[in-house]
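Chains as they are written, first to last, in our numbering: chain L, 10 to 320; chain Z, 41 to 292.
By construction, these hints were calculated from the structure, which means they are not laboratory data. What you are looking at is a predicted structure, and each value in this text was computed from that prediction instead of being measured. Heads up, the beta-carbon is just placed ideally off N, CA and C, and yes, glycines get one too. The reader is advised that the hints may include incorrect statements.
Here are the in silico distance ranges between beta carbons for each label pair [as the list claims (entries may be wrong)]: (1) Z:V71 <-> L:D139: 36 to 44 Å; (2) Z:K207 <-> L:K67: 17 to 25 Å; (3) Z:L77 <-> L:K82: 57 to 65 Å.
Derived pair list, reagent style DSSO-like, types lysine-lysine, alpha-carbon separation capped at 30 Å [to be verified]: (4) L:K143 <-> Z:K135; (5) Z:K135 <-> L:K236; (6) L:K82 <-> Z:K135; (7) L:K67 <-> Z:K207; (8) L:K234 <-> Z:K135; (9) L:K167 <-> Z:K135.
These are the residues of each chain, in order.
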Amino acid sequence: MTATRAFVSVTGLRKSYGAHRVLDGIDLTIPQGTVFSLLGPNGAGKTTTVQILSTLTKADAGEIWVAGHDLAKEPDKVRATIGVTGQFSAVDSFLTGEENLRLMADLLHLGRAEGRRRVRELLERFDLTDAARKPAVTYSGGMRRRLDLAMTLVGTPKLIFLDEPTTGLDPRSRRTMWQIVRDLVQQDGVTIFLTTQYLEEADELADRIALLSQGRLVAEGTPEKLKRMVPGGHIVVRFADPDGYLRAASHLRATSRDEESLTVQIPDTGVSTLRKLLEWLDAQAIDVAELSVHTPDLDDVFLALTEESSR
Amino acid sequence: MRAITDSATMLRRQIRHMWRYPTLILTYAGVPVVLLLLFVYVLGGIMGAGIGGDRAAYAAYITPGIMIMTIASAAQGTAISVAMDMTEGIVARFKTMAIARVSVLTGHVLGALVQNFIAITAVTLTALLIGFRPAASALDWLGVIGVLAMFTFAITWLSAALGMVTKNVATASNLPMPLMLLPFLGSGVVPPESMPGPLRWFAEHQPFTPVIETLRALLAGQPAGSSFAAAALWSAAIALGGYLWARRLYNR
Chain L
10 MTATRAFVSV TGLRKSYGAH RVLDGIDLTI PQGTVFSLLG PNGAGKTTTV QILSTLTKAD
70 AGEIWVAGHD LAKEPDKVRA TIGVTGQFSA VDSFLTGEEN LRLMADLLHL GRAEGRRRVR
130 ELLERFDLTD AARKPAVTYS GGMRRRLDLA MTLVGTPKLI FLDEPTTGLD PRSRRTMWQI
190 VRDLVQQDGV TIFLTTQYLE EADELADRIA LLSQGRLVAE GTPEKLKRMV PGGHIVVRFA
250 DPDGYLRAAS HLRATSRDEE SLTVQIPDTG VSTLRKLLEW LDAQAIDVAE LSVHTPDLDD
310 VFLALTEESS R
Chain Z
41 MRAITDSATM LRRQIRHMWR YPTLILTYAG VPVVLLLLFV YVLGGIMGAG IGGDRAAYAA
101 YITPGIMIMT IASAAQGTAI SVAMDMTEGI VARFKTMAIA RVSVLTGHVL GALVQNFIAI
161 TAVTLTALLI GFRPAASALD WLGVIGVLAM FTFAITWLSA ALGMVTKNVA TASNLPMPLM
221 LLPFLGSGVV PPESMPGPLR WFAEHQPFTP VIETLRALLA GQPAGSSFAA AALWSAAIAL
281 GGYLWARRLY NR
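Extracted from the complex, chain L is given alone in its bound form (with noise of 0.2 Å):
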């Protein structure tokens, strides 16, 4: 056992549409004050897993502990302890983004005085200050997203999910957001249960990663841990001249190539593969403009383990 508490375990957790089997047994336990990141390709169950755990779909097996909470039996008590942002964004369109804020307040019976102060406090904090009495159908997607994180943490939930929180956001946004999530675990000490398909995103933020291809978890652990599951990463040589990466392109095994830009990717399967291919570009006398060397990242780590469990 870890010494952190875990602050939700779920066993067993089984959920199926009609005959279609979306989650077929997932055992997971998050330790307070960290991120969890639920990773899977579109359709894997990470959004069912969500509704499940934030009570708003119901399981068809399983238990589920949520902050000392058994979620079939107390689900308004769960429900006091979590935030849920999602993908399709939960803010009131028709509502300004201080209206929305104190909509919250309002429904979390926070009281006049502490209600504006929060309102306040969230308006500044999420950069929303100028846009507070426009309304939500006006803003752009990182103000959408911003004010529905904002929403979500007016009731100072201890557990938040993220489902899918950059889904359709511009780079800029996406870093703005990292950065708030990081802040709520380092600041307010929340824990977090991130979906996402950027493994980026997980690799940038998660402390544990769990990877979930046709409802089951296909692999566990932080981020080093998965990525040395996979072995070899691969090796990136550009080409000086489109004479040189012809040759080269049509000896080498290569996963992908690419002429407009002369390069060639091969896959790294240790040091001989590296000497091996220096000696033979030396023989060949063929010039090189760049070489690298990638060890295995997420990607491919995801590619690995979902490609083996759709088999």
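Model the placement of chain Z on the given structure of chain L, informed by the hints.
Only chain Z this time, still in chain L's reference frame:
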């Protein structure tokens, strides 16, 4: 307690929506007013003669009918706004919060009551302006308001349920359409006695007729008698059925 405060919060949300998009309320008040004017000025001469009176007599006859048409057409608005709400992520958010669950729907129903109150007031003022002279006492007027509130409450719970039957907003907007026909297939526009056999039987036994007859009697300063009991029973049954149905659909 929680249910009351949360419903009040949700009602505020609905009122803000109305306030922000006043064209909707103008439509829901404007269409019945236009209908009233059409019935009185275009059809009123002939219809008045038909019921053994003149245009003014028909204005008195049609006013309760138009009041009920107002409620029926607002039902469509409620179904649309409930259906639209259900497609938005905000309802999913409400469902994951520790709030009184039904308050989302109560907010819609109470909001519709406010909206209907505004629209029916507009209809009544127009009727008075074009020569309708009700003989109702202050107590009768209270009765009119009570019956209207009761029936609106019932129809709105039903339309809230209709708004959730399908996930499609366009379909949801069509489902309450038959409600618009019921005032015509009752005593809303002409007396059922003038209709052919089976239609007359339907007109005399469907829920809209006792409500319209009660309003007509109260506005004329006469006792509503058995039609009031029938109106109250129908309203209670529709409200309860609509509420239970809506709650089940919301929780599914």
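Legend entry - Numbers of the earlier hints that this structure fails to satisfy, in rising order: 5 and 8
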